[in-house]
Structures are given as structure tokens and as C-alpha cells.
Amino acid sequence: MIKKTFNIIIILFFGNFVFSQEIHFPDTIKIIDEVFIYAEKKLSETGQKINKIDSLIIETKLLNDVSALLSENSSIFIKSYGRGSMATASFKGTNASHTKLTWNNIELNSPLMGIVDMSQIPVAISENIKLYYGASSLIKNSNALGGLIELNSTTSWSKGVKAKIISQLASYSSYDNFGEIRFGNSKIQSVTKFYHSTSKNNFPFLNNDISEQQIEYRQNADYLKYGFVQEVYFKPNIHNLFSVKFWKQLSDRGIPGLTSNEAGPNNNKNRQNSNLNIYSTNYTHYGKKIRFEINHGANFQNSNYKSTNYINGIGFLNVVNAFSKSNSIFNSISSKYNISDKTEFNSQINYNFHFVNSDESILNQTFTAKRQEGGLNISVYSEILKNLKTGILLRQDFYDKTLSPFIPSLSAEYFFENNLSVRASVSRNYNLPSLNDLYLKPGGNPNLKAEIGNSSDIGLSYFLNIKNFSLKSDFDLNFSKINNWILWRPTAMGYWEPDNIEVVIASGCETNLIFEYKLNKLKFKNIANYSFTKSVRSDENENMNNNSLGKQLPYIPRHSANIFSQISWQNFFFSYQWTYFSTRYTSSAAEPGVLVSIYPYFMNDIGFGKNFYFKKIDFSLNFKIYNLFNEKYRSVLWQAMPGRNYSLQLSIKLK
Amino acid sequence: MKEMKIIYKALFLFILISSIFIFSCMKDDFRPISEFNTNSRGVFIVCEGNFMYGNASLSYYSPLEKKIENTIFIRANGIPLGDVAQSLTIHKNTAWIVINNSGKVYAIDIDNFKIKGKITGLVSPRYMRFVNEQKAYITDMYAKNIYIVNPENFSLIKTINIDDASGNFYNHSSEQIVIYEDKLFINTWSYDNKILVINTNTDELIDSIEVFKQPRKIIADKYKNLWVLCDGGGENSDYQGDAGIVKINMQTHKIENSFIFQNKENITDMQINKTGDTIFYVNKDVFRFHVNSASLPEKAWISSGNKNIYAIAQDPYNYDFYISDAVDFMQSGMIYRFNSNLYCLDSFAVGIIPNSFVFK
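One line per chain: the protein sequences are A and B, in this order.
The opening residue of the first sequence carries number 1 in the numbering used here; numbering runs sequentially from there.
The opening residue of the second sequence carries number 656 in the numbering used here; numbering runs sequentially from there.
Just chain A, with the same shape it has in the complex (with noise of 0.2 Å):
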């Protein structure tokens, strides 16, 4: 008895979502019949959370980009602006700039800015999406205090041309297209993808922010976006592999004022437009008991931010019109070598460069500025008794002629015999200041130091695995202590201005449930996510009337939630979404009251379809409700919602 109270408890509430194991479906949304497969967790991987974001849940989100497929399935916050508009992402209590995203190992996040915004990145653009939390972000890069979210490319070496279509068209004339042709044989692939997504995005709604309250429909809120990826991977013979990558994408959209705005259509209308150019090219040479890896790219990015006004007497006039620019080139070289079946040594060294530009024409503020970035990492793991495994790395990096923090990052896991495994890390790391934190005008602070985090984490993982069922579970205990922590604030000079602060202590639980089952002709999938997070200032005040020690950091939620249900009968599929935040704060001290809060979100989105299999094509058509109970509600402050939505989703697969 007290072991099933003691498996209850442990699946229902030290659950995992997808993480290390590999659940494999074929590429249209059909889930295979009985067998359930999780792969062993990498040696590299030990006393570390990683989740892999589960393929079918990628299949179903191709048109969308990656704030919803995150904010939907994991437990990463994600601050959205509303449909098109800026998405940024942060993990486990920290903020935006402390999140890294990579495609095929170049970093997205801009060294300008320091972020990446989460709304431009398609999720097709890539096959495998893992989420790298705290420390074990340190296995592929420094600076992600809060994460690492890794997008990578894959092909399969299959002969012939395989084609793939999928067209939505959805709610306030949207249209999202994606195309894509792989073809080759055993030894050169070739992938073709290309994407086009649009919206007027003009969706009534009740402005219930003015005197007048009347119904609405969102303005300049339209947003464009398309643009392809090329790879071409070779492989002369099993042991050495060669792959080139380049992405392009343009996109255009209008940023929305606040639901309180009345200064007219012709005035406050802000655009933004950017032009973004990456590729990657990797040579990885796979020995006996070496594997020995060359990565080299670049990332173009560009952009152009308006702010216009109808001015009488003149016409329309642009009040702000900043031209930002930054080329990095990302270098690295690594290897692991297998010491024996039980050890692994691996080593990196990488050398980026960054240069940026930044142009405001109207009150002519530009600056431009360098940094060079390296780095060498060596990291030893290492079963060193039965059952138990633990890890070792070390890194040392350096900017401009500056050496970086020393990081050190320890881990250990031990596996019982029932399924069950705990784990343990300590580590720390470290952040740069953007080169806009830095150096933007007005407002960036040359004196600004790198934040520097010390964190620990415990985690207790379960798995099962039998006929008709299969379940995993995760429990996951964090903190971490961030010194220097950057923080942007107003000024008496009404311009915002970053200032270290002293200490923020970022700390909480994360659970995660992942289990699929077969009843006769019914076939189930739940992944299920909760989040409870505390993130804290705790350093010394000065000011007696400063109310923020020990409050939540603004915009971050306490507690999130999200469960993604899906049932299958022959050929039909029915989808359930649920998404939760808690309360949301926006002022430094944690302040109730409408003006300074947002209250709880829940979000609940339906999708159902059927799946058309012939000999040599595959058709899908899924229809979704998003926003099923129609709710008026905010996801930031003073920003319209739509209500409910539609789309209506054709895929079409040339076998």
C-alpha cells in the first residue's frame, strides 16, 4: 500500500514533460500504436534538467512561432504582447536577457539588445526543440543564467524527394503557409523550407479603457513575416558528416498602442521592420571512441523601428526612426572522447565577435561598438559507481581583453532500480551587459558589471514504461543567487537607465507529467507542466520608502500552469490546451490594484481533425478554437485581446 501511495504520489507530482526521452512519431500526427520508446540519457546530461520539446506537439504547431509553443508546453514564462507583437521568454524566476536562443548553434539573441524576440521565430525552422535549464545550459554555452533554448535542424538519409504543404487561413484575415522539399540519398540531403505568414490582425474588441466605451477594432496591429531555410548535409561515409544552413526572414509589423490612447489613427503609430540573415556550417567526424566537431556561422541582423505622427502644417513625420545593426560571427570547436563505457571527456573552445551599429536619425544618437567573446570548457562525466553518475565541468571565458568569471558547475545522479532517479547540481555563471545596456543613448551605463549567478538544483525523475502505457515524471527543486542583477529603470530625465542591483535570489519547484495510453481504439497523450516561482530582491535598501525588497520581480507569475490533452480514435484527433498564469505585477514593490496588476490568466484552446492516409499522400485537416469561452481578458497591461478565433489548417505530405 505504501508503495502505490508512494508511485501515486510520485506521478502525479514529480512529473516530467518530455526532456531526455525521445518519443518517436512519424512526421504527420498519427501516434504510433502500442510501443513507447524513451532513449537513456546522455552521459552529458547527467544531474541536468533537459526537456525535449515532444514532436508531436512540434508537428502541431508548425505555423506558429515559439513563444506559443512555449508558453503552451513548458514551464518557461513567456511575456507576450499580444498576437504577432513582441514575445520574450524567461526560465525559473529570471529575465529575458538571460535566456539564449540557438539555431544550429548560432545565437539568435541579439548582442544589441540582449534578448530575442520569441514572436519572430518560427517553430519550423527547425525539427528539434530542447530546453536547456540553468545549469545545464553550461554544456553548450555561457550566459544563460535563466536557459538555454536550443532549435536544431535534422534529416533523415532516405533516397528519393519527400514534400511537405501545410496552409492555414484563421481569424482576422491570417494566412500562414509552409512548404518544404527534402530529397537526396544515403550520402547528400538536401531541405528546402519556406514560410509566409500574415495578418491584418484586426479583431474587435471592447475598449472599456476610455469614456466612451465602444467596440473596437484593433489598429495597426498587422504584421508580416516569410522567409526560407536551405541545408544541404553530406556524409562521404559513417564517420564524417558535413551540413550547411542558411536562414533568411523578413518581417514587417505594426506595434499597437495602448487601449487608452486617444490621440487618433494618424498619430503614435509605431512599425518596426527587420531583416535577419544566418548560416551555419558544421563538419563532425565521429571516431571509435572520439567525436570531434567544427562549427562556424554568422547571424546578420537588421532593423528599423518608426514612430509617426500626423503633424498639421507638415504631414507625417517621424519622431523616431532608429536603425539598429549587428554581424556576429560564432566560431567553436569540440569534442568528446569515451575514456571507457563508464567516462567521457569532453572540450570546447570558441571564439565569437560581435559588432553593432545603432542610428537614431531624429535627435541623432548613434553608437557603435565591438566585443570579442571566447572561451574554453572542459567537463568530465563519468559512472563512477553502479548506478551513480556525476559530472564535472570547467569554464573560463573572456571578453575584449577581460576574463570572465570562472565557472564551475558540479552534478551527480543516481538511478534506483524502479524507474527512479534523483539528482543533484551546484554551478555557477554569468552574464554579460548587452552592448545597448552598455553604451545606448540616452540611457546605457558604461559602469555596468557582468551579473553573476550561483545556483543549485535537486530533481527526482520517474518513468514507466509497459505495454499500453508509458509515463514520465519530473520534480525539480531550484535556486539561484544572482549577483549584479541589470535592471532598467525611469529616470528624473524620462528616459529609462540600467544600474546593477545588488542581489536577486530566484528560487521554486517545477513538476512535470508526460503519460500516453491505448484503450482498445482510443489512444491518449497528457503533458501536463506546473511552475511555482519566487524571484526576489534582496539586497539592502537605502531608501526606506523603497517597498521592492522582497517583493516579485515585475511581469513575473508566481505560479503557471499548462496541460496539453490529446485523444486519437482511428483516423480522428481531439486537442485540449489549457494555459495558466497567476497574477502579474508590474510595479517593483508588488503592488495590487488594477492599474499595476493583471489578474489571473487562463486560456483554453480546442483543436480537432482527421488524418487522411493514401499510398503516396497524406492529407491532415485540423480545425481550432482558440479562446473557447470567448473571454475579454489582457495578457500585458492596457493591451487588447482577441476573443474567440478560428483556423482552419490543410496539410499535405507527398510520401
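There's no promise every hint is true.
Claimed, not checked - Quick list of in silico lysine-lysine cross-link-like pairs, DSSO-like style, CA-CA up to 30 Å:
#1 B:Lys682 / A:Lys61
#2 B:Lys722 / A:Lys551
#3 B:Lys838 / B:Lys877
#4 B:Lys773 / A:Lys449
#5 A:Lys551 / B:Lys771
#6 B:Lys771 / A:Lys632
#7 A:Lys551 / A:Lys481
#8 A:Lys289 / A:Lys248
Hints listed in this document are in silico derivations from the structure and should not be mistaken for laboratory results.
Once you have looked at the hints, place chain B on chain A.
Frame of chain A, contents of chain B only:
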């Protein structure tokens, strides 16, 4: 079989727990309406809030009762004030609140705070000043025009062009207004260094006077002089220079004196007493000097300590002195009320970034 039983139990419990959360609905802002009737004297405190946060608010303090009412606008009207409340002007029984980044001016009753009307369609309004019942001026940061409005019907009459056509720094912006005889004196704060002079009969720009960079506040003394507080631009900005105070003869438009601050830190406000002979200004601390002084005071009148003093004012009825602490500019500000001997009579919290006091 045992394992299957456990699984089904787990599944059942999971669905049970899930069903508690699923279908939960959001409660959009609940904004109960309060009735106010403040017919005794008091002071409005304008809390500008954070740019693009829409958290501007209005507070009302009754000095006799020592009672503070916060967020009175949304409580009286059920709607938010908007984004960045820049200023408030009382004319007769109406308070006109200029909402900078919402492009509008709300008119509310000074006793019950209910909305009487609004002027909308403005670009980036800053301050409002009345000439008579049918004519008022509204300045604007980005419109390159000064609006002339009819407050009786909340309509725009015409605009006065103040574009300097130079293409530099988007000039001119316009800020506070001082009326002297048939002239308006207007400071141009944002990336500018001018005092504009406008003839109220012709509504034309007739002169501009160069001062230190970023003239932030202006006041008039009893000797027909205009005093200009210049913050000198931000430290991390390409547009910066000397900060200080400039004295201008409003009849001749000539600069009569100028004082450069040795230290510039948190230069935010300048006010004058009721009799027009003593000036108070903030340069981190609060300083006080007589308008006939040959130099600025070296010693602070009120030391700020670790506070971020953002606004000051003297009550014209009893000479009590008010200062606001904006704290970290991202949470409720704090107000201190002193008597003329600088004895603290009261202190209380208000909204985010209290930027001005307007006495009823």
C-alpha cells in the same frame, strides 16, 4: 495488473485535478465606482506613472483631515487615466489633466472627480493654460505646434506652428506656459534650449531666447522676471551641457542673469512662493533663494538623503511645503508635508512618480 490499477488511479486523480483548473475563467478588471464629495480645500497630486505602462493616477489630499485618496480618477469614473499624466490645471471648478502618451486632456469636476469632457486627437500634450473661458493653450512635445482650444466645447480652434525647420533634434517641443501681459513664454525641454515667446493677440511666435540645454521648468516672479531651470541634458546623452538657472526680463526678453550648477544630479522641479519673491528648486536636494540674490545658495534647504525628490510645492494658504519621493520610479511614491519650520506634519504613499501638486 497491480501496476495497471495504480495507473488508472493516477489517471483518475489527474483528470480530477485537471478539471478543477480547466474551464476556469478570467475576471477582466473589476472597477467599482466610488462617490466623492471633497468640497473643502485640498491638493491634487499628479502621478505620471511609467511610459507605456498606462499606470498614471491622480491622488487627492485633504490637509485639514490629513486624508489621502489615491487613484481617484479610476475610482470615480471606472476607467484608467491613461499613459503618463503630465500635468493638471485647475480653472474654476474643473481640473484639466493632460495625459501625455494618450494624446488627450480629461476635464473633471474638482469635487467629485467625475469626467466632464475631454479633448482628444493630440499628439503628445504636456501642459495647459487658460487665457479666458473660451481660449486655452496646450503645449505638445512632438506636434511642432501649440494648440489653441475652446474649453467650453472641448474643441480645437487652431494651432500655432513652432517648427524651427532646422531638422535638428525635432525642434521645437513645448512645455510649460507663463502668461505675461499679452505674451506667452514657453520652454522647450526635449533636446532643445529655447524659450519661445508668443503674442496672444496674433497667436504668432514673436521671439525665441536661447538658454542652457533642456529648459525644464519656468516660473515668473513679482518683478516681471522669468526664471528658467535647465537640466542640461542627460549624462549618457549626446545632447548635454551646463545645467543651471536663467533669469529673463519678460518685457525686454533679455537674459539678466544666469547661474550654472556645479553639480547636476536629479534636477527635477522649480517653484515660487505665493508672494513671488522666493524660489525653490531641486538639484538632488531642495534649495531656496530670494529672487534678488546675487548667487545660488550653497547649502541645501532640505536634504534629500536617499530619496529621489521629484516634485515640490508650497501651499498658498498656509505655506506648508510638500515634497515627493519618486523612490525607484517603479512603485508608489511618497509625499512629505512640512510646516514652515520644516517640521514633518504628515507623510503618505501615492501613485507612481508623483510629479506635481496642484492646490484647490
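Evaluated hints:
1. B:Lys682 / A:Lys61: holds (28 Å)
2. B:Lys722 / A:Lys551: holds (27 Å)
3. B:Lys838 / B:Lys877: With Cα atoms ~16 Å apart, Lys838 (chain B) and Lys877 (chain B) stay inside 30 Å; holds.
4. B:Lys773 / A:Lys449: With Cα atoms ~47 Å apart, Lys773 (chain B) and Lys449 (chain A) exceed 30 Å; violated.
5. A:Lys551 / B:Lys771: violated (39 Å)
6. B:Lys771 / A:Lys632: Between Lys771 (chain B) and Lys632 (chain A) the Cα gap is close to 28 Å, so the pair holds against 30 Å.
7. A:Lys551 / A:Lys481: holds (15 Å)
8. A:Lys289 / A:Lys248: violated (37 Å)
Violation of the numbered hints given earlier is confined to hints 4, 5 and 8; the remaining hints are satisfied by the structure.
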